[in-house]
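Order-wise, the sequence lines are chains A and B. Take the first sequence: its letter number 108 is residue 108 in my numbering, and every next letter is one higher. Convert by adding 1000 to the 1-based position in the second sequence; the result is the number in my numbering.
Hint data in this document are derived by calculation from the structure and do not stem from the laboratory. Just so you know, these numbers come straight off a predicted model, no measurement behind them. Keep in mind that the hints are not guaranteed to be accurate.
What the hints assert, rightly or not - Taking lysine-lysine and the PhoX-like style, the derived pairs with C-alpha atoms no more than 20 Å apart in a straight line are:
#, chain 1, residue 1, chain 2, residue 2
1, B, K1035, B, K1114
2, A, K97, A, K141
3, A, K32, B, K1035
4, B, K1112, B, K1187
5, A, K157, A, K93
6, B, K1077, B, K1149
7, B, K1035, A, K10
8, A, K93, A, K141
9, A, K26, B, K1035
Claimed, not checked - Some chain B residues close to chain A (C-beta under 7 Å, calculated; not the full set):
#, residue
10, D1042
11, A1318
12, T1319
Unchecked claim - Beyond 12 Å from chain B on every Cβ pair, some chain A residues (computed):
#, residue
13, P39
14, G51
15, V66
16, E86
17, M103
18, Y132
19, H138
Cβ atoms here follow ideal geometry from the backbone N, Cα and C, with glycine treated the same way.
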Amino acid sequence: MPKKFKTWLKTITFYEILVGMAATMKHLLHYKPITLQYPHEKRTLPDSYRGMLALLRYDDGTEKCVGCDLCEAACPSRVIRVVSSEVPGEPTKRFAKEYYMDMTRCLFCGMCVDACPVDALGMTREYEWAVYDKRHLHLNKQQLLAIGDRSYPVREKRLEFQHPNVAFFNVAFKNLPQKES
Amino acid sequence: MAELALRMAFSLAQIAVVMGVIMLTVMILTLAERKVLGWMQDRMGPMEVGPYGLLQPIADGLKLFFKEDIVPAGANKFLFSLAPILALVPALIGFAVIPFGPDSTIELFGIKFKPFIISDINIGILYVLAFTSIGAYGIILGGWASNSKYSLLGGLRAAAQIISYELNVGLAIVGVLLLAGSLSLVKITQAQAGWFWNWYIFAPPFPQIFAFVVYVISAVAETNRVPFDLPEAESELVAGFFTEYSGMRFAFFFIAEYGNMILVSCIAATLFLGGWNAPYPGTALARLGFAQFAWAENVVWFAAKVYFFLFLFFWLRATLPRLRYDQLMRFGWKVMLPIALGNILVTAIAAYLFPGSR
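Just need the whole structure built from these sequences, with the hints factored in.
Written out as structure tokens, the structure reads:
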């Protein structure tokens, strides 16, 4: 009975509502906003941030991509389209004649970067890619290379000049020895 | 003839000032609500327009003013245009009988005017109740004329809710009227002069604290504010009765909502918290020898009480979730109404037994 009386007393004095109102008032008095004023202040991104995709080059400016289509096969949402072709005059070498990414569909999983045997793809830390026209997110090879150029100023040496232990096509060897700088 | 012209000119000037103040308060409220809600929810509120977002109401007003005025296909054009006006006018017209300051008179060109009330009619509170009821027409007609199911549902809910809670507001006020013995808001305020325990919320012979609580809850419900914002429940009805409205017509509904908030706050301050009276007898300025400026203190006290209620509206909105519709109706008819009726009974007996104490 006393418990019932207590509940009744709480009901008629709006006890629960007053507790809630005290909580909101406490937040008002100890005002400490947790939001960021986005365009003026920006978050610090984590080191493993997966942002815009980019195609990379070697230090002599040649493209890394060998047109193997593995990224296209790995992509879960069919973002990538590669048109592969022989390097003129060098029948053993291939390259991507055309390379398209439809970034409207990309979910930034990074599987294409994992799949690439020559590390030709990279994820940058860019994320401000809002555009007025959806078609501007359908990127071609030149645009992707440009993103890579502005995001990765320090480029790798050509494979031939890297550590001798590195295989020419380093397919699926994740635990390779450290490369000399 | 000259006297009539002078009186009309003075009344028009008063109306212009009061409307200006109300519109300014509405502007302040739109910003204050977003800011207070933001602060209570660990956000900042509007920050972009002007320093700390202070010019946000002006930006909002300009945006609404220049927006396209859409009338949906199949809407009843006449009623669709009439509804915002029907909602706004009753919300603003009630301020005609609110005493904003002391009941003093000034003499201009040989004619006596009351500067702090537009029209001191002897049935002031009845007039306010009558006009706020008309506001329900604007809402339900706007909901019906939009030719949209969300609007219609919102309008129906709003009408049912306003009528149910109007009753509780009326009954909660009756206790005060019994004690004051008058329907004039000026007389009611004058009867609460002196220390703050003469205010009707604490006043002997029977404190109107129950009536006050019933009034505040019913006032929140009547103005369709959280937690009683069923008519415009975003998660169910898009925006309720003004789903299809845009531009200035939407602004009219918006101003009407805030105008109603200010009006019920003014009534609550007048009836229960002593209106323009300070919590101590007289005014501090008059005692210090500035009797000619005592009105300023009274007006400030009135504004402080009104703003307290307006802050309460925001506070409740930041705290409470929305009620379910059957809970709302059950609460109105089965809880609020008996309390209000019981309060009338007890107050009537107390006023009969202790006629001298009021």
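Against the structure, the hints:
no. : hint                 : result
1   : K1035/B with K1114/B : violated (36 Å)
2   : K97/A with K141/A    : holds (9 Å)
3   : K32/A with K1035/B   : holds (13 Å)
4   : K1112/B with K1187/B : holds (19 Å)
5   : K157/A with K93/A    : holds (18 Å)
6   : K1077/B with K1149/B : holds (17 Å)
7   : K1035/B with K10/A   : violated (31 Å)
8   : K93/A with K141/A    : holds (18 Å)
9   : K26/A with K1035/B   : holds (15 Å)
10  : D1042                : holds (5 Å)
11  : A1318                : holds (5 Å)
12  : T1319                : holds (5 Å)
13  : P39                  : violated (9 Å)
14  : G51                  : holds (26 Å)
15  : V66                  : holds (49 Å)
16  : E86                  : holds (55 Å)
17  : M103                 : holds (28 Å)
18  : Y132                 : holds (20 Å)
19  : H138                 : holds (32 Å)
In this structure, the earlier hints numbered 1, 7, 13 are contradicted, and the remaining ones agree with it.
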